[in-house]
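*Asks:* Residue-level listing of the chains:
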Amino acid sequence: MPALCRDCMETFDAGRRCPACRGPRVTAHDELFTLSIAHMDCDAFYAAVEKRENADLADKPVIIGGGRRGVVSTACYIARIRGVRSAMPMFKALELCPDAVVLRPRMDLYAEVSRAIRAMMTDLTPAVEPLSLDEAFLDLTGTARLHGAPPAVLLARMVRRMEAELGVSGSIGLSHNKFLAKLASDLDKPRGFSVIGTAETADFLADRPVGMIWGVGAAGQATLEAQGIRSFADLRRWDRKELHAAFGSMGERLWHLARGQDSRRVSPNAPVKSISNETTFAEDIADRDLLDGHLWRLAEKVADRAKAKALGGAVVTLKLKRSDHRSLTRRVTLREPTQIADRIYRTARGLLDQVTVPGPFRLIGVGLSSLRPAAESDLSPDLLDPDAARRARAEHATDAIRRRFGDGAILKGRSLR
Amino acid sequence: MKISIERAALLKAMAQAQSVVERRNTIPILANVLIEADGDSVSFRATDLDIEVVDKAVAQVERSGATTVAAHTLHEIVRKLPDGALVTLADDGASGRLEVSAGRSNFSLATLPKEDFPVMASSEYSSNFAAPAPVLRRLFDKSKFAISTEETRYYLNGVYMHVAEGEDGRVLRCVATDGHRLARIDAPLPAGAEDMPGVIVPRKTVGELRKLLEDDDTEIAVSVSETKVRFATPEITLTSKVIDGTFPDYTRVIPMGNTRKLEVDAAEFAKAVDRVATVSSERSRAVKLQLDEDRLVLSVNAPDAGAAEEELAVAYGDERLEIGFNAKYLLEIASQVDRENAVFLFNSAGDPTLMREGDDTSAIYVVMPMRV
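Chains A and B, in that order, give the protein sequences.
88 is the number that my numbering gives to position 71 of the first sequence; each next residue is one higher, with no gaps.
61 is the number that my numbering gives to position 12 of the second sequence; each next residue is one higher, with no gaps.
Next up, chain B with everything else stripped away, as it sits in the complex:
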């Protein structure tokens, strides 16, 4: 194999590859990226056995072929090369080395046979549809903060992507929860997605997927089966196993009868929460919300550290209410609001609270209160 490729294109492909490759590997081949050159393009394939990413880049292929080389090392080399450099990758098959050269820099890297590289078995996808990048971006960006890291409830370690019945018909829905807060985000159902099986997309896959969604004009080809999910742009194909588990019935924890309504400027609210929480050094800082006629008092009382209080003018017309929340959770859901006011719907100090943006029910959040 011998190819010449622009540094920028190689860097982009390697950045994607190295982030999939685990830093610590007990199986040497998994630290490598598989480089395959054929025709006028070259593909870079990396895997951690759960996720596989293949990035196709344009290159000048002098001699077809394939080899594998340490992904992190090649990424570091390319990163340190000067902008605009033309990089040549060559292996003669005999020495077991990949020669990397650019300008006057030359590197010789150990390789492993391409036959040893595990290629993810292709799957029969039962659903194939296309979704604009901004739609997927919204679905995952607004839900991922609620993904659980708790290993005992592994089925919460991802975003549950499925078809659901929304208020105006069927929707493509993403739900994530860690048992303390929950995010439920809807998007119009793309054609072809009607029979999609619900899948739990793992946290790491969500992170990798995000890199495919930067460009507003890209259409993402989505394929789903019971066990795998695939997202593809013309250049990059991301295939991932899904979490083998049953996502809990989240519908029963979304409060529908909450009537006490608070409307507040989300940015002002978040800033105030952040300010009062400063006095507490505890890991789970509790913020108390005291609601009265168009008035919200936020307060934190940390016996060892001090106390803080801030008043906000809000729209609230219901009876008095005192309720506590974890400051971090409040901040996280408030920061999901980007266009209108945040609307909170409370029941009592012990019941889940619902938050949405204005009257928009296509993105709702539930947060559990905390005893204060």
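So here's chain A without its partners, still in its complex pose:
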């Protein structure tokens, strides 16, 4: 069985230890040198970057997250041993791990490291599809001749380079499609390298829960379970027509995924589907005027991002989270896409006015989706709001001023509330 030592990059035939360096970090698999779709997932990325920046943190439990009321965004592996998990409320994380060092996320710094990682990936292949700052799909098909080594070796070299040059480790999943590659990268974290070959795909999936499928959440699992579907094996017992009849287009996807089939390509320019910003308050807010101030700031952020990407969106979404974490979303479709903060704000404000739940709320968010090119946005003014055009012109003038003198150069009074 072909094998690879991830420490010294020696390739050999089978064995638990590397014949060259006697190291134990060996990956062996029949299809190791033929598979070419990979998923790379950094290990506790934000925490790893912080530890790199501050050597004192190396052996301390580190949690990255926002404020006293925030949630855990990333926990380092030391904190994870104590039971801290991502998305856990901060107070709970601190109960489990009172000595943890809690740090506010420094997104600019993480983005910088992420760019460096992405550059290492694009050294190997142009087909890199980032999913977030710390994970990406890579399609290395046809690159073996160019680099003089099979994909598995290239990937192992890449993570070794990440550790050496950036101080960040990652885990690799290698398989024959994106769905399986992503599952694989999660099997052996941290510093892992897992392979799911075509031969064992069916066996590998059989007893795993269908909740592993992207897009099948708690509600989806309940729906499937009501039909007696818990594992991939259960799913495989259904024929294609039945699945389609029961679950519509999702059924078609399930039929393929049940067999480990996924024909999605690794596409470097995955289009942006939505732009949204949200904020969690230090203390719950019920006062509509205070919410209004947040709403404006969020609308402005969303509009700024839309303008930066030359996009406009026709669907405006308002998101609120109540004190008990139950969320509430309201959305409205506009006649045409917009990228004007004023319009996004007014639309979201209209949605907020229709929310009858009194609150208080712990979070508010604004989103823009059904995105279209900016050239198709804001083409027809509102007959009933003749001032809108004037306000849009003022906004464009404001944007120009901020571009020249900085974001704080000119603000709306509303944003100070």
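It should be emphasised that the hints constitute simulated quantities derived from the structure, not laboratory data.
For every residue, glycine included, the Cβ atom is placed at its ideal position computed from N, Cα and C.
Hints may contain errors.
[To be verified] Mimicking DSBU-like on lysine-lysine, the simulated pairs with C-alpha atoms at most 35 Å apart in a straight line are: (1) A/K109 with A/K206; (2) B/K277 with B/K51; (3) B/K163 with B/K310; (4) A/K326 with A/K290; (5) A/K318 with B/K377; (6) B/K337 with A/K290; (7) A/K258 with B/K129; (8) B/K105 with B/K337; (9) B/K61 with B/K377; (10) B/K290 with B/K51; (11) B/K290 with B/K377; (12) A/K338 with B/K105; (13) B/K377 with A/K324; (14) B/K253 with B/K320; (15) B/K337 with B/K377; (16) A/K338 with A/K206; (17) B/K105 with B/K163; (18) A/K318 with A/K338; (19) A/K290 with B/K377; (20) B/K290 with B/K129; (21) B/K337 with B/K310; (22) A/K326 with B/K337; (23) B/K290 with A/K338; (24) B/K377 with A/K326; (25) B/K193 with B/K337; (26) B/K337 with A/K318; (27) B/K277 with A/K324.
[What the hints assert, rightly or not] With the C-beta cut set under 7 Å, the calculated list includes, among others, these residues of chain A facing chain B: (28) V349; (29) L396; (30) L401.
[Stated by the list, open to error] Counterexamples of contact, computed for chain A against chain B with all Cβ distances above 10 Å: (31) R42; (32) E242; (33) P398.
Based on these hints, arrange chain B on the given structure of chain A.
*Replies:* For chain B alone, kept in the frame of chain A given last:
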């Protein structure tokens, strides 16, 4: 209760009832129609709590009484019965079933107690007047296309029916707008309507009302209060809540000073707009109008799909103008014109445009241009 009724009469009543009843109901009784038999007639009452329709039909009443039964089911049954059938509806009060029979077909339907059926509270109407069906038909048919579907501006989700000052005195006026186009339709003020409060008649009510207006000879009795509106023929009474909101001051958005005048055959114009818009697959297709001395060039330029151009001979004597519109909006207002030429009055490429039929100011339309 036991009645015999002709299929045609029952079908007509049930068609009206089932269209008011919402398809999905969380309150079971709202899926039902209340059937009340008394004397020599039977009435069918349906509601969605905002609209109530009562349809009286002639029937042979053997035994008076009342019950409620699923409206969609009964409608489907009656629809599938053969033409000319005589339908018997009977309930014995004890079984909780309504027996429906016609020829050799028999159905037994579950009922709910008539006491549970919500009957809309009667209202004090401050205005009562009669209007011929064709007058109301014109008012609502020509305005309803502009009703907004936007939920945040719920006060635009209907037709604003009110008394207004027209050019030759007071008129009964209907206005609808969605912020991109506006329709303003006038009719002579019927006697008794002078003090009518302005009301926003909801979209669904406008749709239901339309079914009462088919017959040219019918006089419709209209009753209006601040909160409700009622339209009645001798057989059918349609009562509806009105939208609780303030209709915006539309008068300030109707351009009065537009001077650039284009006169064009509406049908030819609409066909040309439709043709050139074919090349664009976008949801909001923009059509560009280039106007020059008695010449109109319509064009669409969709970068990914292609381009189209068509020239029309028109009457236009003003300076050159280029202006863009949403093709759908242009088509919709052009199709309101049925007798004379369409007259467009423009100001600039950024200002609202006015459209009317010939010199008739009793129906005017405003449409907002689009950047092209």
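*Asks:* It remains to establish, for every hint, whether it holds in the given structure.
*Replies:* Going down the list of hints, with the structure as the test:
| no. | hint | in the structure |
| --- | --- | --- |
| 1 | A/K109 with A/K206 | 24 Å, holds |
| 2 | B/K277 with B/K51 | 34 Å, holds |
| 3 | B/K163 with B/K310 | 61 Å, violated |
| 4 | A/K326 with A/K290 | 12 Å, holds |
| 5 | A/K318 with B/K377 | 33 Å, holds |
| 6 | B/K337 with A/K290 | 30 Å, holds |
| 7 | A/K258 with B/K129 | 31 Å, holds |
| 8 | B/K105 with B/K337 | 52 Å, violated |
| 9 | B/K61 with B/K377 | 34 Å, holds |
| 10 | B/K290 with B/K51 | 33 Å, holds |
| 11 | B/K290 with B/K377 | 31 Å, holds |
| 12 | A/K338 with B/K105 | 51 Å, violated |
| 13 | B/K377 with A/K324 | 28 Å, holds |
| 14 | B/K253 with B/K320 | 30 Å, holds |
| 15 | B/K337 with B/K377 | 13 Å, holds |
| 16 | A/K338 with A/K206 | 33 Å, holds |
| 17 | B/K105 with B/K163 | 17 Å, holds |
| 18 | A/K318 with A/K338 | 19 Å, holds |
| 19 | A/K290 with B/K377 | 27 Å, holds |
| 20 | B/K290 with B/K129 | 33 Å, holds |
| 21 | B/K337 with B/K310 | 17 Å, holds |
| 22 | A/K326 with B/K337 | 27 Å, holds |
| 23 | B/K290 with A/K338 | 34 Å, holds |
| 24 | B/K377 with A/K326 | 29 Å, holds |
| 25 | B/K193 with B/K337 | 26 Å, holds |
| 26 | B/K337 with A/K318 | 34 Å, holds |
| 27 | B/K277 with A/K324 | 46 Å, violated |
| 28 | V349 | 6 Å, holds |
| 29 | L396 | 4 Å, holds |
| 30 | L401 | 5 Å, holds |
| 31 | R42 | 51 Å, holds |
| 32 | E242 | 25 Å, holds |
| 33 | P398 | 6 Å, violated |
In this structure, the earlier hints numbered 3, 8, 12, 27 and 33 are contradicted, and the remaining ones agree with it.
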